[in-house]
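Engineer: Going down the list, the sequences are from chains V and L.
Take the first sequence: its letter number 74 is residue 588 in the working numbering, and every next letter is one higher.
Take the second sequence: its letter number 51 is residue 381 in the working numbering, and every next letter is one higher.
Calculated from the structure, these hints are not laboratory results.
Every value quoted in this text rests on a predicted model; they were computed, and no experiment measured them.
Any given hint could be a false lead.
[Claimed, not checked] Below are the EDC-like pairs computed for lysine to aspartate or glutamate, each with C-alpha atoms no more than 16 Å apart in a straight line: (1) Lys381/L with Glu573/V; (2) Lys428/L with Asp570/V; (3) Lys366/L with Glu384/L; (4) Lys428/L with Glu573/V; (5) Lys428/L with Asp568/V; (6) Lys428/L with Asp552/V.
[To be verified] To give an idea of the chain L side of the interface with chain V (calculated C-beta under 10 Å), a few residues: (7) Gly331; (8) His372; (9) Ala398; (10) Leu429; (11) Ile430; (12) Phe431.
[To be verified] Simulated coverage check for chain V against chain L, where a stretch passes if three residues somewhere in it have a Cβ under 8 Å from a Cβ of chain L: (13) 535 to 549; (14) 562 to 570; (15) 610 to 617.
No residue lacks a Cβ here, since even glycine has one placed at the ideal position from N, Cα and C.
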Amino acid sequence: DAGITQSPRHKVTETGTPVTLRCHQTENHRYMYWYRQDPGHGLRLIHYSYGVKDTDKGEVSDGYSVSRSKTEDFLLTLESATSSQTSVYFCAIRPTGDNTEAFFGQGTRLTVV
Amino acid sequence: GQQVMQIPQYQHVQEGEDFTTYCNSSTTLSNIQWYKQRPGGHPVFLIQLVKSGEVKKQKRLTFQFGEAKKNSSLHITATQTTDVGTYFCAGRGGATNKLIFGTGTLLAVQP
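Please work from the sequences and hints to get the whole structure.
Structural biologist: Written as structure tokens, this is what we have:
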């Protein structure tokens with residue numbers, strides 16, 4: 515498996531609290547993505563990064579922010595968690611190139627109560 | 331924005347039966363990728379198609395990319411219990427680096 519680690523793996527938090535999920539890679543890949551997975555919706559893109567300090571919104575970015583200050587780390591922050599953000603979050607990395615495959619982390623299960 | 335839909339959402343088959351999932355994009359794709367996610371796991375890359383009308387095979391799996399590069403299909407011949415999981419298509423539209431995934435098809439195989 516590609517060198518990609520998500521932390522934490524599981525988290526329970528209360529509504530209204532801030533939460534930060536971390537994605538760490540050792541592959542030096544250019545692109546990093548955050549997805550959420552919910553039944554019936556597949557994998558929906560939240561935000562992605564195409565370089566250090568270069569990020570863009572995905573399909574469901576409201577309520578989320580991201581930062582990438584180093585190549586290896588891509589942080590996803592829920593400024594004020596809501597129950598609708600209960601989900602499984604996946605980070606993915608992809609090398610430079612138009613036709614390169616994505617490698618996924620193990621996922622983070624987040625529950626907002 | 332770009333949307334990618336898959337049908338069916340769920341399919342239950344008897345072992346040995348064939349299975350097909352279809353992927354449709356609202357926009358023309360630069361390429362189409364297919365991933366498999368085992369229950370409790372993370373998506374894993376299977377294959378990529380780039381050319382219009384391209385067909386690729388991996389053992390019992392056959393992948394097609396439509397002529398207009400807006401749709402794709404995955405066909406599994408003679409399913410086995412090891413084929414269980416969710417199959418996703420994913421694509422990039424035009425010059426964007428957004429990798430948009432389809433809604434997925436969950437395949438259940440009964441022995």
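Engineer: Evaluate each hint against the coordinates.
Structural biologist: Do the hints match the structure? See the list:
Of the supplied pair hints, the one linking lysine 381/L and glutamate 573/V is violated, its CA atoms being roughly 26 Å apart against a limit of 16 Å. Between lysine 428/L and aspartate 570/V the alpha-carbon distance is near 9 Å, which keeps this suggested pair within the 16 Å criterion. A hinted pair counts as satisfied when its Cα atoms are at most 16 Å apart, and lysine 366/L with glutamate 384/L does not qualify at roughly 20 Å. Taking the CA atoms of lysine 428/L and glutamate 573/V, the gap is about 10 Å. The hint holds against a cut of 16 Å.
Under the criterion of a C-alpha separation no larger than 16 Å, the hint pairing lysine 428/L with aspartate 568/V is consistent with the structure, at around 13 Å. Of the supplied pair hints, the one linking lysine 428/L and aspartate 552/V is violated, its CA atoms being roughly 19 Å apart against a limit of 16 Å. Checking glycine 331/L against chain V by beta carbon gives a least distance of about 6 Å; that is within 10 Å, so the hint holds. Below 10 Å, beta-carbon pairs count as interface contacts, and histidine 372/L has one with chain V at about 4 Å; its hint therefore holds.
Checking alanine 398/L against chain V: minimum C-beta separation of about 19 Å lies over 10 Å; hint violated. Taken as an interface hint, leucine 429/L checks out: its beta carbon lies about 6 Å from the nearest beta carbon of chain V, inside 10 Å. For isoleucine 430/L, the shortest C-beta to C-beta distance to chain V is roughly 6 Å, which falls under 10 Å, so the interface hint holds. The criterion of a C-beta within 10 Å of any C-beta in chain V is met by phenylalanine 431/L, whose closest approach is roughly 4 Å, and the hint holds.
Coverage of the segment 535 to 549 of chain V by chain L holds [criterion: at least 3 residues with CB-CB distance below 8 Å; count 3]. Counting residues of the segment 562 to 570 of chain V whose beta carbon lies closer than 8 Å to any beta carbon of chain L gives 3, which reaches the threshold of three, so the coverage claim holds. With 5 residues carrying a beta carbon less than 8 Å from a beta carbon of chain L, the segment 610 to 617 of chain V meets the three-residue requirement, and the given coverage holds.
Checked against the numbered hints above, the structure violates hints 1, 3, 6 and 9; every other hint is satisfied.
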